[in-house]
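Trainee: Just so you know, my numbering puts the end of the sequence shown at 1139, numbered straight through with nothing missing.
Calculated directly from the structure, the hints in this document are not laboratory data. Among these hints, one or two may not hold up.
[What the hints assert, rightly or not] Cβ-Cβ distance ranges computed for the label pairs, FRET-style:
| # | residue 1 | residue 2 | range |
| --- | --- | --- | --- |
| 1 | 727 | 666 | 25 to 35 Å |
| 2 | 1059 | 1124 | 52 to 62 Å |
| 3 | 222 | 289 | 45 to 55 Å |
| 4 | 650 | 627 | 29 to 39 Å |
| 5 | 1033 | 409 | 48 to 58 Å |
[What the hints assert, rightly or not] Calculated lysine-lysine pairs in the DSS-like style (CA-CA distance at most 30 Å, straight line):
| # | residue 1 | residue 2 |
| --- | --- | --- |
| 6 | 1004 | 910 |
| 7 | 923 | 801 |
| 8 | 958 | 912 |
| 9 | 912 | 992 |
| 10 | 1002 | 648 |
| 11 | 1069 | 1025 |
| 12 | 1017 | 1069 |
Don't be surprised by glycine CBs; every beta carbon is placed ideally from N, CA and C.
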Amino acid sequence: MTTSKSLLFVALLFFSFQGYSQQTAAFTNTLADFNRALELYNNEQYLAAQNLFDDVKDETEDEKIKADAAYYIANAAVRLNQQGADRLMERFVTRYPTSTKTNSAYLDVADYYFNTGKYTLARKWYDKVDENAMSRKDRQRFYFNNGYAYFRSNDYEQARTYLERVRDSEEYGSQAKYYIGFMAYESDDYEEANENFQQVQDNDRYSEDLSYFQADMNFKLGNFEEAIKLGLEQLPSSNRQEKSQLNKIIGESYFNLGQYEEAIPYLKEYQGLRGKWNNTDYYQLGYAYYKQGNYEGAVSEFNKIIDGNNSVAQNAYYHLAQSYLNLEQKQQALNAFKNASEMEFDAKIQKDAYLNYAKLSYEIGNSYESPSQVLLNYLEKYPDSDSRQEIETLLVDSFINSGNYEEAMSLLENNRNFSDKQAYQKVAYYYGLELYEEGDYYKALENFEKALAEPRDPVITAKATFWKAESEFNVNRIDDAIIGYKEFDGMTAARGTDEMKNLDYNLGYAYFKKNDYAQAVNYFKRYAENSSSDGPRRDDAYLRLGDSYFVNSQYWPAMEAYNSAIANNVENSDYAAFQKAISYGFVDRNETKIEELNNFLNRYPRSSYRDDALFELGNTYVAMNNSSEGVQAYNRLIRDVSGSAFVPKAMLRQGLVYYNSNQGDKALERLKKVVADYPNTPEAMQAVSTARNVYVDMGRTNEYASWVRNIDFVEVSDADLDNTTYESAENQYLNNNTTQAIRGFENYIEEFPNGIHSINANFYLAQLYFREGNKDKSMSHYRFIVSKPNNEFTEQALARLSQIYLEKGNYAEATPLLERLEKQAETQENLIFAQSNLMKSYFEQGNISKAQSYAEKVLQDPGAEEKAKTDAQVIVARAALKNGNESRAKTAYAEVQKTATGELAAEALYYDAYFKNKSGNYEASNAAIQILAKDFSGYKRWGSKGLVLMAKNFDQLGDAYQATYILENVIKNFGNQQEVVAEAKAELARIKAKESETNSSVQN
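All chains should be built: construct the whole structure from the sequences, respecting the hints.
Mentor: So this is what it looks like as structure tokens:
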């Protein structure tokens, strides 16, 4: 028994020992592998260590070894930056929650990320650490690292929480105080910052940085001398970025101490933030130059300040303006003063800037708003200004000098704070003159009456009286005009005026128009015989003197007057020669009349009175029973002047001659041609009547009845009523009874739309409507005239109707009328009118070649007036521009500039500036634009275009401030000039984009 038990025990012991020996060997191998892996891990061979730890983890059954292996596998993954490293670490903590390495795992990973500069990841793992489970040393490292990680994330509140816990640490204290101080510095708490910095200033590690910070802090605390001292000490050893900032600190400190000369070199060395200055930087350097009297240097810095809208900008713009003034650059100064005056940060600067802006506007002109408006606005804003009297004086002068009288009147009549009656009288008078020159006589009258209502200046009162009378003459108030002329004649202040020189001439015309020819003779004779009379007017006075005698049947005195006109070689001496010739007929000198008429036809072959002369010549031959010569004269008229209104009359006379000489068939041929070619005319009606007599005498009444039945305009039974109705209206017309005449002609046309006198009635009614200013009503009647065959009124109707269409801008309707007028015009005046307006009409319709062709015709016509030639040069210039021929345009505009006035002068001056810009002569271009602003401020289109061009000039001259400010004001003030504003916006965007590359204050 004993032996068996012993054997059994021995056997069990054997097996047990054998198993234990195997397990011990396996464990020993695993532990060796684990130690080799740990050695690899400690030698930073993380991938090899990780692979071996994986093997150990798979082979061992020991939970502690598994946990440790898992810990190192996850740590290696973190250090190898492997994907899923976070999950491996999380899995380790979850799988082995009781492992002693859990807290150190968090701390190790956090420290690893911290040491590799991944502070956000570090903070994530630091948040997992249980600080109570750490050693004191690990805890201090945890506090500092976590604080520094928050610091790097700009979370200063959390950073301070951790760093404050180690500020007394022997290992981390200096660093903690430095960063706490830096955070206080960044938060502008310079006292706390200084306190912390002072505790670490002996640490070589921070000494350089602290010198910069302390210089900056002293600057920000207003300790400028200390800031300069510290900055100068640090400057030699500073790096590039710090050197730039230290120069700024030193320069600005000198600036704040008023030591501008010392400030300049340091301010210039500043490189800006990220290579860009801002508006304040430019201001400081500019102001330093300004205080040194270096105005060019000041301008070069101030004018880089763009988009400024604060007290610094207002101050800068004010001193920029002063700098420009010192450099005699007044246009630039005006813009800068205007800008400073629009800002309200400093009321004193604003007021003084506004005063300077107002004065400069008066002196050099203003394209943004009228100088008068600027001066008035100043008085409204500062009614108690010490400069009030000076500004009021300038205001009066500006009204007179600007030439923009319409706006001046509006300002004077609507501004309750300004009541200078003398200025009001002058402006009303000059505005009346302007309206008179434009042909707006009714409005001119209104303004002359306003001037006379404030009789402050005797000379202005006298002149207003005269021009009021002139306006009344032009609206057919003849009696009122005569009263006005005589009132003017009785004024002492009228003596010596230019108006007095021509008073007799004007009175002569007034009586002439009133049909009081005896009085007209007195005044025309006195004017013509006055040696001081105006040459062209004196010549015209002889003509009208002759006409006055002629109408009063005083033919010998009439011929003497006509002879005087011819001897003086008056412009229309052909008229005088013709009148003289026909006067011989009235004194029974028909042979002399015939001789004079033949002389006239030879001397004046192109005269517009050629048809009159031929008709009179034919009539005179017939009257002297020389029918054959008479018929030949009529034939010459019909052949040579086929468009004349005398042609049907001549044909009618030929028919009568043939009828009276018993040549019935020849008579009928002539008479029927009158009826066929000139229906519905008095000549046609007379031809029908005469043809009736011929047919009756020839016994061919059936032929007459058959012929007359086909003439639709003949209403023989109504002829007496037709004549009576017409004559009634015509008598009112001849007596200047406008209202009754209009009513009479309207009644006639309504009753006899195709009556015997329908052409005359329509023409006279059209003229009356036109004269009364009712041009729309006149149009249908002028159209009636031009729709008929050529008659004595065709030319005038064509001129009037085309004029109305032109005034309406209806060039398509005006063109065919003007073309017809050009072909039919008998007067040089109407020919030039047609050609000059055809060039305008074709240009407006885009037919450039025809516009140019007509412009050349006008320029080559020696009889064309200067204004017509100026208009032609403008068309040539515009056409050349459209065709890209800028050289031709430049030459043409130069010619325009010599004679043009008003808007054409503004256009020519703009292109003068334009071509100077194109040639790179930017300052000369700006000088031309300044003249445009001063002398032609009322023409907003050219003023706004000039401003955009000026902005381009300033951009080329390196003055970005002027360029951008001008463009911004164009955009703000000229919204109705859409094309100009669009160009200004594009230019502004381009310039700002360029400036934003160096100025951080510019918002592109």
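Trainee: Does each hint fit the structure? Answer for all of them.
Mentor: Cross-check of the supplied hints:
no.: 1; hint: 727 to 666: 25 to 35 Å; result: holds, 32 Å
no.: 2; hint: 1059 to 1124: 52 to 62 Å; result: violated, 27 Å
no.: 3; hint: 222 to 289: 45 to 55 Å; result: violated, 29 Å
no.: 4; hint: 650 to 627: 29 to 39 Å; result: holds, 33 Å
no.: 5; hint: 1033 to 409: 48 to 58 Å; result: holds, 56 Å
no.: 6; hint: 1004 to 910; result: holds, 27 Å
no.: 7; hint: 923 to 801; result: holds, 26 Å
no.: 8; hint: 958 to 912; result: holds, 27 Å
no.: 9; hint: 912 to 992; result: violated, 33 Å
no.: 10; hint: 1002 to 648; result: holds, 28 Å
no.: 11; hint: 1069 to 1025; result: holds, 22 Å
no.: 12; hint: 1017 to 1069; result: holds, 28 Å
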